[in-house]
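Student: We have chain A; now place chain B onto it with these hints.
In order, the protein sequence lines correspond to chains A and B.
Residue 90 in my numbering sits at position 90 of the first sequence, with consecutive numbering throughout.
Residue 242 in my numbering sits at position 242 of the second sequence, with consecutive numbering throughout.
Please keep in mind that the hints were generated in silico from the structure rather than gathered at the bench.
Just to be clear, a hint being listed does not mean it is correct.
Partial list, derived from the structure: chain B residues whose beta carbon lies under 8 Å from chain A [stated by the list, open to error]:
no. : residue
1   : 119
2   : 125
3   : 281
4   : 291
5   : 295
6   : 301
7   : 302
8   : 341
9   : 343
10  : 347
11  : 382
Simulated crosslink set (PhoX-like; lysine-lysine; CA at most 20 Å straight-line) [as the list claims (entries may be wrong)]:
no. : chain 1 : residue 1 : chain 2 : residue 2
12  : B       : 124       : A       : 111
13  : B       : 547       : B       : 236
14  : B       : 124       : A       : 125
15  : B       : 88        : B       : 177
According to the in silico footprint, chain B covers these stretches of chain A (three or more CB under 8 Å from chain B) [claimed, not checked]:
no. : region
16  : 81-90
17  : 118-125
Computed from a predicted structure; not experimentally measured.
Positions of the beta carbon are idealized from the N, C-alpha and C atoms, including for glycine.
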Amino acid sequence: MKIKIYPFFLIFVFLIIFFVFYKGLKNSNIYTPNVQAQIDIPEFQAINFENNKTINSNDIFFKDKFYLLNIWASWCVPCREEHRFLMNLKKEKLIDIIGLNYKDNHLNAKKFLDELKSPYKIILKDSDGTIAIDWGAYGVPETFLIYDKKIVKKIIGPIDENSILEIKEILK
Amino acid sequence: MKILDKKILSFTFFQFFFVVISFLGLVTSFVVSDFSNETVFNHSHTTKPLFYKISGTWGNHEGSLLLWLLVLTLFIYLFLLKSVEQKKNYRILTLLFQEIIIIGFFVFLIKTSNPFNYITPVPKEGLGLNPILQDPALAIHPPVLYLGYVGSSIIFSSALAAVSLNYISKDWAKHIKKWVFISWIFLTLGILLGSIWAYYELGWGGFWFWDPVENVSLMPWLSLTTLLHCILALEKRNILNSWVIILSITTFTLSMCGTFLVRSGILNSVHTFANDPERGLFILIFLFILIFLSFFVFFFFQKNENKILINLNWVSKETAILINNWFMMYFLVVVLIGTVYPIFLEVITSEKISVGPPFFHKLIIPFLIPFLIFMAIGPQLKWIKSDLKNKLYLILFLLISFILTVIIVKNLSINFFTNTILLTAAFFLFFITVRDFFKKRFSNLSQNIAHFGFSLLILSILFNNIFSSEIITNLKIGETFISDKFKINFKNINQKDEQNYKAIIGEFEIIDSNGNYSIMSPELRIYNQPNIVTSEADIKTNLLTDKFMTMNSVQNKEYFNIRYQIKPFMLWIWISVILISFGGLISFFKKRYEN
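Only chain A is shown next, with the shape it has when bound in the complex (with noise of 0.2 Å):
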């Protein structure tokens, strides 16, 4: 009777161990750190990408008002993903939207926005990814909600119908 009992047993405790892994598939261990709220935005000289001069964050954003920077390149291929839904966000003109591009070959990057037209207030160029480091980004696409010269929120990865509604929720 002793053997019986045991592959049942066995299998039991097999079946247990499958249920508990399962639930931990659940909880998805993608790690987005924290970002500490309402971090200072950096202050950073660029070029702007139409007319080559350079400007001073400070003239860019401005306080009391919200602004998106988002991080893009031409070779980047969920920024082609993403770029619909900035184009809905600058046609309901809730909200400024600056771009940063990232690491790009100037004509690849007229290129592509003379294809799929810009979306951008005013572009800066990050030839050399520095700026996107300042800001703590991880890779492209990444875009930042800006508030009161603040980083009020931040989008690792292709901005998608959720998040578009997370940002409407606060501007709001």
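Tutor: Here is chain B on its own, set in the frame of chain A:
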């Protein structure tokens, strides 16, 4: 019947051949930087050196799965080639079980992780390979480790086949032994390479961190090492049958379990290529299908007929093997619990804990002492029945080890008790194996080398721990740090541009109390694709000690954070592991075990 045999062989050959073609296709895409392939786009970049373009093929989830399949199909083909003298139904059943595994992986690859996804428009540039993976040791670490893991799948299938046919016997042990050794050698070397990488690249100045990812490779190793000893007992004495079967199943299950843990995103590590719950779910279900399948085979077919037969003598080699089996199982359970418990706890109570080195040290070290002593005594005993006559030298050697240890330990300000016992046990094994080299010469050389290597490993780790010293300080250029043992002078920094990164190289002059003078130049590397800063340790290795220095920049500060470590016997840790696997290699080529 002959024709059927040929057909099966050519089937497995073509199966292998087609996987080779697709694998070479992926390698080619990486070499020519074909960014229309999603895998290449995500993990490569045109400025990467050719070597890392090639190794990038398996430096990601999709490619590494393809590599896994490549080894799986290669091994079953080799198995069929090498087992011609075995019974037909046994070979076919092994093939059947192996094909279940292969098909499972094929479906996994195609359904969730196709390496040949196409993207339009074709991007101009790829996203790059994670810089910490751009390291020679790590480039060959996955293939070597996979050879070990996948080798264990052959053992698994063959054990299930042998159980179904009631063929667990001396003959079977003799035949499967080669596969046990080959997987064990590769698994050992694979773990070693991973460890070397962690030491040279991560810059934490250690070689084993009890990180979950390291633990999941250690668990199959422990199980496989136990199996290796059991299979010898089976071959020699036709005992420990159930041990052999269970360990064959466990080894492969633990390899799969490791794959599940690191691939599913349940754990966070550099090996977590992609956090995709769908993938995790697939491996999980597949893993449990295999587990339940082996349960079924085991309980349905396993005959316990030789239960009466087992009549172990207290003083015999088999008893020694059995005792050490239990120790190995204990170590395995400790590592398993330390790795899996945090996951269980988080699921059940959503409380996060991390189990670190202190847990493992506390639970493993005390049991390491008897383990080492039994490891020294076991090989001195004979099979079946041995006596304790002429074994006085054992006590003599124990005494010598003890005295030597006391001489070493008494002047040091460390915990006298545990260190003394532990060192004594390690020295004991060391001396006994050295004696055997002279006494037994070439009989059983493989076992002796492996056990000698293990004693050397434990001794190196202990000395490394006891005699290491470390200094952490902040220095500006031109400043000097002075301690009673040495002087560190931060002379200069230089810049260097490489194809895939820029480097800031510090120049440090170190003068120790004996007036020895050396220059250390740790680096900070700023990789361009993706943009990541890594700290590259400068390590000066010689036979006795390693000098290890890392430099880190501190944000908005002129000074650098400097870490300087002196680590004795580092090289011997690597050498002893190579010795251990070399012992296995000799055994692999040997015709018969103990003539």
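Student: Would you mind marking each hint as holding or not holding in the structure?
Tutor: Verification of the supplied hints:
1. Because the smallest distance between the Cβ of residue 119(B) and any Cβ of chain A comes to about 6 Å, under 8 Å, the interface hint for this residue holds.
2. The interface hint given for residue 125(B) is met, as the beta carbon of that residue sits about 4 Å from the closest beta carbon of chain A, less than 8 Å.
3. Interface restraint check: residue 281(B) against chain A, minimum CB-CB distance 6 Å, threshold 8 Å, status holds.
4. A cut of 8 Å between beta carbons decides the hint on residue 291(B): the least distance to chain A is about 6 Å, and the hint holds.
5. Checking residue 295(B) against chain A by beta carbon gives a least distance of about 6 Å; that is within 8 Å, so the hint holds.
6. Given the 8 Å rule on beta carbons, the hint for residue 301(B) is violated: about 12 Å separates it from the nearest Cβ of chain A.
7. Below 8 Å, beta-carbon pairs count as interface contacts, and residue 302(B) has none with chain A, the closest being about 10 Å; its hint is therefore violated.
8. A distance limit of 8 Å between C-beta atoms decides the matter here; for residue 341(B) the minimum to chain A is near 11 Å, and the interface restraint is violated.
9. The interface hint given for residue 343(B) is met, as the beta carbon of that residue sits about 5 Å from the closest beta carbon of chain A, less than 8 Å.
10. Annotation: interface hint on residue 347(B) holds; nearest CB of chain A at approximately 5 Å, less than 8 Å.
11. The interface hint given for residue 382(B) is violated, since its Cβ lies 34 Å from the closest Cβ of chain A, which is over the 8 Å cut-off.
12. Between residue 124(B) and residue 111(A), the direct Cα distance comes to roughly 13 Å. Compliance with the 20 Å bound is thereby established for this hinted pair.
13. Between residue 547(B) and residue 236(B) the CA atoms are separated by roughly 47 Å; this puts the pair beyond 20 Å, and the hint is violated.
14. For the hint linking residue 124(B) to residue 125(A), the alpha-carbon distance of about 18 Å falls within 20 Å, and the restraint holds.
15. Under the criterion of a C-alpha separation no larger than 20 Å, the hint pairing residue 88(B) with residue 177(B) is consistent with the structure, at around 19 Å.
16. With a cut-off of 8 Å between beta carbons, the region 81-90 of chain A has 0 residues touching chain B; three or more are needed, and the interface restraint is violated.
17. With 0 residues bearing a CB less than 8 Å from a CB of chain B, the region 118-125 of chain A misses the requirement of three and the coverage assertion fails.
Checked against the numbered hints above, the structure breaks hints 6, 7, 8, 11, 13, 16, 17 and satisfies the rest.
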